[in-house]
Structures are given as C-alpha cells and as structure tokens.
Amino acid sequence: MKPILFNTNMVRAILEGRKTVTRRVVKEPWYIEDEEMSRVSGFAMHRGCNCTLGMPYPDSLYRLSDTLYVRETFCRKPSEEYPFVYKASVETPDAWKWCPSIHMPREAARIFLRVTEVRVERLQEITEDQAQAEGVKGWMIATDRDWDKNPNHRIAFLHEWNQTIKKGDFALYSWDADPWVWVIEFERCEKLKGD
1 MKPILFNTNM VRAILEGRKT VTRRVVKEPW YIEDEEMSRV SGFAMHRGCN CTLGMPYPDS
61 LYRLSDTLYV RETFCRKPSE EYPFVYKASV ETPDAWKWCP SIHMPREAAR IFLRVTEVRV
121 ERLQEITEDQ AQAEGVKGWM IATDRDWDKN PNHRIAFLHE WNQTIKKGDF ALYSWDADPW
181 VWVIEFERCE KLKGD
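Heads up: the sequence shown is residues 1 to 195, going by this note's numbering.
I should point out that these hints are in silico values taken from the structure, not numbers from a laboratory. Fair warning: there could be bad hints in the mix.
[To be verified] In silico DSS-like links for lysine-lysine, alpha-carbon gap of 30 Å or less:
1. K97 to K191
2. K166 to K27
3. K77 to K27
4. K27 to K167
5. K2 to K166
6. K137 to K167
7. K166 to K137
[What the hints assert, rightly or not] Computed Cβ-Cβ distance ranges for the label pairs, DEER-style:
8. N7 to T116: 19 to 25 Å
9. S89 to D176: 33 to 39 Å
10. G17 to K77: 22 to 28 Å
11. D176 to E107: 36 to 42 Å
12. K191 to E128: 19 to 25 Å
13. A171 to P78: 28 to 34 Å
14. S65 to R106: 36 to 42 Å
15. H159 to S89: 39 to 45 Å
16. D178 to V90: 33 to 39 Å
17. L172 to W96: 33 to 39 Å
Beta carbons are placed, not taken as given, at the ideal position from N, Cα and C, and that holds for glycine.
Build the full structure now, drawing on both the sequences and the hints.
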C-alpha cells in the first residue's frame with residue numbers, strides 16, 4: 001500500500017464522489033526522450049538522466065491495481081473510539097489544531113483508492129471531462145452573448161493546479177509551463193485485511 005497526498009478540497013471531492021483522477025508532475029529522475037513516442041506508448045520515458053537508458057515508463061510512480069491510502073490534514077483526538085479528526089469533514093476547522101497531511105500516519109487513513117489506469121501526458125492536454133473528473137467545480141464563463149450555460153472545468157482545474165505549485169517551482173510546473181504529468185485514475189475501495 002502506498003500513500004498519496006491530497007489537499008482538503010480534493011479530499012472533499014473524493015468523499016463526494018466527484019474526484020476519480022489526479023495528475024502529478026513527472027520530476028527527476030524521469031525524463032522524456034521522445035515526446036511523440038511517449039504520448040503513444042510511454043516507452044520513451046526513462047528513469048535516470050538523459051544520457052542513460054534507464055528504466056521505461058511502466059516502472060511508474062503508481063501502478064495499475066495499486067492500493068493507495070490518502071494522507072489528509074488531520075488532528076489527533078483523545079478518544080479511543082474516534083482517535084482522529086479530519087479537516088475535510090469538519091464544519092468549523094478553525095477550532096482544531098491541524099497536522100499537515102504529510103505527517104498523517106498510515107493507521108489514521110480512512111480513504112483507500114485502487115489505481116485503475118496510469119498514463120503520461122502534457123498537463124494542457126486535459127479534456128473538459130477529465131478536468132471534471134479531477135473534482136473541481138466548474139467556472140461560469142462570460143461570453144459575448146451572456147453567461148455560458150455550461151461550467152468550464154478546465155479553467156477551474158487550471159486555477160486549482162496553479163494554487164498547488166510552490167513558488168520556487170512555478171516556472172517549471174505551472175499550467176503555462178505545460179509539464180509532463182502522470183495521470184492516475186482511481187476508484188474508492190475498502191482497506192484489505194493485512195494492508
């Protein structure tokens with residue numbers, strides 16, 4: 001079982017059934033050798049520096065059928081029956097002292113995901129349907145006629161994405177930089193015994 005971090009908005013989207021996919025930046029030690037071949041098969045993506053053969057894309061961050069446990073913002077509670085509280089499920093979050101998701105222990109996990117697909121693509125290749133599956137709520141777009149009747153999830157995703165990028169990484173990984181990303185599709189599942 002592997003951990004995966006989500007911010008509070010995205011944990012809520014998973015709990016509400018709106019989020020079934022996530023994108024993660026392809027960072028070193030990965031590099032893209034041939035863009036077109038990578039787009040079609042993934043086999044031109046290697047692990048290691050660009051002067052080595054490295055490992056092909058199937059040795060990815062997450063694999064098909066992996067079970068993931070979600071790390072989310074939480075706090076410990078002095079109760080044997082309910083020892084943890086989760087920020088995504090509290091109506092008055094300011095009343096609690098929260099621990100960052102990166103510090104959440106595995107035994108505190110309440111959300112489990114099974115990976116159903118892994119692929120690589122450019123960030124800006126995301127479709128409207130995929131943006132909606134990312135769990136963002138669509139923005140209403142002004143047009144020449146009037147307010148558009150259909151919410152635009154790609155624009156909402158663009159803003160959500162840029163808010164998650166650290167300032168020092170913005171030039172490399174922002175929407176405008178159009179980085180390569182792992183696209184990880186998943187479904188909710190139960191924690192298996194022994195996990």
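Q: Using the beta carbons of L172 and W96, state whether their distance is inside 33 to 39 Å or not.
A: holds, 34 Å
Q. Do the Cβ positions of S65 and R106 conform to the proposed distance bound of 36 to 42 Å?
A. This hint is violated: roughly 19 Å between Cβ atoms.
Q: Would you mind confirming whether the straight-line C-alpha gap from K2 to K166 stays at or under 30 Å?
A: holds, 23 Å
(Q) Taking the Cβ atom of K191 and the Cβ atom of E128, is their distance within the range 19 to 25 Å? (A) violated, 33 Å
Q: For D176 and E107, compare the CB-CB distance with the range 36 to 42 Å and indicate the outcome.
A: The hint (36 to 42 Å, Cβ to Cβ) holds, given that D176 and E107 are roughly 40 Å apart.
**Q.** 30 Å Cα cutoff - pair K137, K167
**A.** Holds: K137 and K167 sit about 24 Å apart, inside 30 Å.
Q: Mind checking the hinted window 33 to 39 Å against the Cβ distance between S89 and D176?
A: holds, 34 Å
**Q.** Pairwise beta carbon distance, N7 to T116, judged against the given window 19 to 25 Å
**A.** At 22 Å between Cβs, range holds.
Q | Pair hint K77 and K27, alpha-carbon separation not exceeding 30 Å | A | The given pair, whose Cα atoms are some 36 Å apart, is violated under the 30 Å limit.
Q) Range hint 39 to 45 Å: satisfied by the CB atoms of H159 and S89? A) Taking Cβ atoms as reference, H159 and S89 lie about 24 Å apart, which means the hint is violated.
Q: Starting from the hint 28 to 34 Å, judge whether the C-beta atoms of A171 and P78 obey it.
A: violated, 45 Å
Q: Please test the hint of 33 to 39 Å on the beta carbon pair from D178 and V90.
A: holds, 36 Å
Hints 3, 12, 13, 14, 15 from the list above are not met by this structure, while the remaining hints are.
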